[in-house]
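Listed in order, the protein sequences are those of chains A and B.
Count along the first sequence starting at 1, add 14, and that's the number in the numbering used here.
Count along the second sequence starting at 1, add 14, and that's the number in the numbering used here.
Accuracy of the hints is not assured; some may be wrong.
Under the rule of at most 27 Å between Cα atoms (straight-line distance), these lysine-lysine pairs were calculated in the DSS-like manner [said to hold, decoys possible]: (1) Lys56/B to Lys56/A; (2) Lys56/B to Lys117/B; (3) Lys201/B to Lys55/A; (4) Lys38/B to Lys130/B; (5) Lys56/A to Lys31/A; (6) Lys117/B to Lys55/A; (7) Lys38/A to Lys31/B.
The hints are simulated quantities; they were obtained by calculation from the structure and are not laboratory data.
So you can see what is in the structure, the chains are spelled out below.
2 protein chains.
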Amino acid sequence: MTLETIGERELIREIAKIIGPCGKNTLVGIGDDAAVIRPSKKTQVITTDAFAEWIHFRTDHISHDQIGAKVIAATVSDCAAMGCAPKWVTVSIAAPEETAVEKILSLYHGMNRAAKSYGCEIVGGDTIRSMADLTLSLTAVGEPFGDEPVTRSGARVGDDLFVTGMLGGAMAGLLLLYKDPALSLEKNYRSSVMRYLEPEARVDASRRIVAHLPVTSMIDVSDGLSVELHHLARESGVGFHVELDAVPVLPSAIEVATDLGEPLDALIFQGGEEFELLFTVSPGWEDETIEAIRREAGVEITRIGIVAPAEEGVLLVGPDGDGRALSEEGFEHFGEGGAKED
Amino acid sequence: MTLETIGERELIREIAKIIGPCGKNTLVGIGDDAAVIRPSKKTQVITTDAFAEWIHFRTDHISHDQIGAKVIAATVSDCAAMGCAPKWVTVSIAAPEETAVEKILSLYHGMNRAAKSYGCEIVGGDTIRSMADLTLSLTAVGEPFGDEPVTRSGARVGDDLFVTGMLGGAMAGLLLLYKDPALSLEKNYRSSVMRYLEPEARVDASRRIVAHLPVTSMIDVSDGLSVELHHLARESGVGFHVELDAVPVLPSAIEVATDLGEPLDALIFQGGEEFELLFTVSPGWEDETIEAIRREAGVEITRIGIVAPAEEGVLLVGPDGDGRALSEEGFEHFGEGGAKED
Chain A
15 MTLETIGERE LIREIAKIIG PCGKNTLVGI GDDAAVIRPS KKTQVITTDA
65 FAEWIHFRTD HISHDQIGAK VIAATVSDCA AMGCAPKWVT VSIAAPEETA
115 VEKILSLYHG MNRAAKSYGC EIVGGDTIRS MADLTLSLTA VGEPFGDEPV
165 TRSGARVGDD LFVTGMLGGA MAGLLLLYKD PALSLEKNYR SSVMRYLEPE
215 ARVDASRRIV AHLPVTSMID VSDGLSVELH HLARESGVGF HVELDAVPVL
265 PSAIEVATDL GEPLDALIFQ GGEEFELLFT VSPGWEDETI EAIRREAGVE
315 ITRIGIVAPA EEGVLLVGPD GDGRALSEEG FEHFGEGGAK ED
Chain B
15 MTLETIGERE LIREIAKIIG PCGKNTLVGI GDDAAVIRPS KKTQVITTDA
65 FAEWIHFRTD HISHDQIGAK VIAATVSDCA AMGCAPKWVT VSIAAPEETA
115 VEKILSLYHG MNRAAKSYGC EIVGGDTIRS MADLTLSLTA VGEPFGDEPV
165 TRSGARVGDD LFVTGMLGGA MAGLLLLYKD PALSLEKNYR SSVMRYLEPE
215 ARVDASRRIV AHLPVTSMID VSDGLSVELH HLARESGVGF HVELDAVPVL
265 PSAIEVATDL GEPLDALIFQ GGEEFELLFT VSPGWEDETI EAIRREAGVE
315 ITRIGIVAPA EEGVLLVGPD GDGRALSEEG FEHFGEGGAK ED
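With the rest of the complex left out, here is chain A (with noise of 0.2 Å):
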């Protein structure tokens, strides 16, 4: 059974099975023009991400299913970014007529696994043929775990600087897979080709981050450490001195980047789909608190710098204490005119 051959309305049919019925926040679920949602909020996010085949996926690398976990990862991750649960999910695909039904019941499988996993549902969507290529557009709409969200802008000199996780892992896998798909069936990369395949949003570290800290300003690291420390950075109207030796780095990622041959700088700075998220707090926090956190979470929070006056710019401080600037695009070294010398 393909796209072409299904019908619109047994597909819808099948689609609704797989997500069963609405929760209780939800009056109106797939089938009507519209869902209907009860807010419980005075403030809301809207956020929309969009995945084409061969530029963000390629279903040799990836199931359908995985696909589908993904895509909401990435989804949910901004509300999470923004201090936010996520609760309603919309999703558009559009994919070609030879499409088996199959396969999109195989990516909703795996959507509505994982957005139930982050606590939200799909209430709604499109899937609409394409000439070629499978595209994916979702939206998720959100509510703040506190009283408002938590934006970009709010970053202020001596904050401290954290990231949740490990980086580095999300591009040694997409390397690996790109490389050679049979390399990334070695146990020693495993935890890095799982966390290009399988990334998790930090839905519930966001949730006690904001409960427990007070933070004041988040992003997620979905376009590489380096460029969401520069948005960070232009938003709060800050700079940043990050300690190199303070970032998180999975060490299977490391094990990558040496038995490939990469720079290991990439992998951390530059590599995209991390999910993690990179926040500032105010001063007075406490260790315990982390600690717990940490535990609760089941993730890793880092202290990786501190927030500093702008003209200081984004700065990456070696272990000798000198700082050379970051660049969106990875490092530049001072006096060499903004040339890589790595």
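Model the placement of chain B on the given structure of chain A, informed by the hints.
Quick look at chain B alone, frame taken from chain A:
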């Protein structure tokens, strides 16, 4: 300048210039991880529509500005069909990297102008590269004009059935453009072609219908009158008697049907993308109310039939009083085993 050369940040800056400052119910617009909005009602609707080049439009038939306005109309039409005001819209665009930036900005000009005309605003989006073809996905969040949204399920036997506007034009315009774009320029056909190129969603009419009539169910005619009658019948557990002579038809669509030798029935009953509202009203409404809505909204409001028991199905009643079953695909004649005659 193409999508490949402009870079994401510069593109977002150009789009933000087109969109302009946020409205009062939007706290954070384009630029953060998510937009922050402020709902004013206890319920909301959320709806998503997707559109693919070659399937839903051809860029040699319709300008990017018109595509932009049309996809907004299609998306907010689902809000109107729920008796809701569209308030916030997000937009995903997937386009090849060689796409001229001015085409994307032209899309945004059309979308922004249309969104504002319907009283809503674009608050976010994502523009990604695709391998080929333009794909759009829009999500609208709306709020009921009345206390609650109007669903497809409230029609009761004895209610009257109404439709806004005049049907047939959208498909007539499409046929002309596909047959011979030069033909589409002929003055006689102009109103049909414009119905295809620049359709309007009935947001203002929806507001007046909800405010002044005891409306029991509503849907928009996006997939054609036959299909939508069956949707409404199924969801409400009713049937319909539709009076063939009462169905309002755009005069230029009749000319197109005659001149091209196309069956007019197909244009009226199977033509999609009409974005007119099909709705049921419980007895007790008055002619003067209908007339006032017609005048103030500047759109036809026509009673085309009555809600019947479910077992009678969807019947098309001719001037002689005889009823024929109207299937989702169009006419079926009694005693002919479902074979079509015309």
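So which of the earlier hints does this model not fit? Per hint list: 2, 3, 5, 6 and 7 violated.
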